Amino acid sequence: MKQLCLIVVTFLGLLLFFGCSQEKNKVNQIEEKTANEEVEGTPKGETAPEVPKPITKSVRLTAIGDILIHDSVYEDAKSNDGFDFFPMLERVQPYLEDSTITVANQETMIGGKAIGLSGYPRFNSPFQVGDALKEAGVDVVSIANNHTMDRGEQAIQNAIQYWESIDMMYTGAYKDKVDSSRIRVFETAEGIDVAFLSFTYGTNGIVVPDGKSYLVNLIDQGKIVQDIKEAKQLSDVIVLSLHFGQEYERLPNQEQKDLVQLAADNGVQVVIGHHPHVLQPVEWVEGKNGNRTFVAYSLGNFLSGQDEFFNRIGGAITITIEKTIVGDEQSIQIKDPRFLPTFVQYNNESDFEVTPMFELTNEELPNASKHYEDIRKHMSQWLPELSFIESD
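Numbering-wise, our numbering puts 153 at position 153 of the sequence shown, and it's gapless, one number per residue.
Accuracy of the hints is not assured; some may be wrong.
[As the list claims (entries may be wrong)] Derived lysine to any residue pairs resembling SDA-like cross-links, with alpha carbons at most 25 Å apart:
id, residue 1, residue 2
1, K377, T355
2, K377, K323
3, K257, N291
4, K323, Q233
5, K232, D258
6, K53, T320
[To be verified] Label pairs and their calculated CB-CB ranges:
id, residue 1, residue 2, range
7, F86, N362, 24 to 34 Å
8, E97, S213, 45 to 55 Å
9, S369, N347, 35 to 45 Å
10, T361, D328, 28 to 38 Å
11, D210, E230, 18 to 28 Å
12, S79, V326, 45 to 55 Å
13, E97, N347, 22 to 32 Å
14, E385, V208, 23 to 33 Å
15, S331, D307, 40 to 50 Å
No wet-lab data here; the hints were simulated from the structure.
Predicted model, so just to flag it, every value in this text is computed and none were measured.
Idealized CB from N, CA, C, for every residue including glycine.
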């Protein structure tokens, strides 16, 4: 009996011994695998890779309409020291200087007094127009338009020399071939680089001298596409100014829409239109690759001597350019379009002043609030989400 008990105890002991040994081997195998093989895709000695955090930066771009200096305007600007146009822009200065970049359509050449000042139909304006724009917060001027050749090459060269002297970026008309070959890129402190291109439909029948096509950029689809392609290599965003459309028409024509579609299909993010001298609505246009282009078909007259009611209304469009960087990838988004309607006040061709429409009283403009609301509806008819700037 004792012998049988001894055999049973021995057998149970062996089972316990081998069972413990096998369990220990399993634990050792798991620990060894954990130490030497990949667990959930992470190699030995390494931690899971961190997902790059998005870095977002933004700038604001503002564009204003035509600076069209009739003789009544520069006569009103006369001062003891020459000409002072800044008082005409003082009420809108806070809205222009508040943006990172502000661009204006300088429709008349500032060829200076030495070659003779003139108004319609062949304009030549004082240098001091440039000083006023600079003081008001303008950073870039588009100078390709139907009046670029009004007073010939001398006015263009004088104007460019002055723009350079006050460190104002200009685009659309150039001093020579080398100058015209350089794409204008505004490099912001935020690291968002913006290229500015500018073209006009024509020059009122004035022939550009042979071999001097650099004096003004005429609308040519091939050149536009080529310049866009080059600008893409140099910048994050392209702003294309187009001097086009039918004067005094409040809606864009098919030619305008076709050119904007060309720009959108080639990746331009912003199109700013000029020439009709009245406001035309803003909208988004979809490019062939699904991209969105913001377009203002016409920003009207910002400062001029024209006296018809709708010729006295212009404005400033402001958009936000947002750049998001994730690792080596980056994307650009145009967002938050806002508009400031403006009105040119004057009395008996004097005391010219550009005024935000929302500030106008009935004494300054009868039925001011109704006119303001009409302009709001007109500009937002294709872009219901368009907001309006009503304080600085």
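To see whether the hints hold, each was checked on the structure:
1. K377 with T355: 19 Å, holds
2. K377 with K323: Violated. K377 to K323 sits at ~31 Å, over the 25 Å cutoff.
3. K257 with N291: Roughly 16 Å between the alpha carbons, so the hint for K257 and N291 holds.
4. K323 with Q233: Given that 25 Å is the threshold and the Cα spacing comes to 16 Å, the pair holds.
5. K232 with D258: 21 Å, holds
6. K53 with T320: 22 Å, holds
7. F86 with N362: 24 to 34 Å: 27 Å, holds
8. E97 with S213: 45 to 55 Å: 35 Å, violated
9. S369 with N347: 35 to 45 Å: 21 Å, violated
10. T361 with D328: 28 to 38 Å: The hint (28 to 38 Å, Cβ to Cβ) is violated, given that T361 and D328 are roughly 55 Å apart.
11. D210 with E230: 18 to 28 Å: 25 Å, holds
12. S79 with V326: 45 to 55 Å: Distance hint for S79, V326 holds at roughly 54 Å.
13. E97 with N347: 22 to 32 Å: 27 Å, holds
14. E385 with V208: 23 to 33 Å: 41 Å, violated
15. S331 with D307: 40 to 50 Å: The hinted range 40 to 50 Å holds for S331 and D307, with Cβ atoms some 46 Å apart.
Checked against the numbered hints given earlier, this structure breaks hints 2, 8, 9, 10 and 14; the rest are met.
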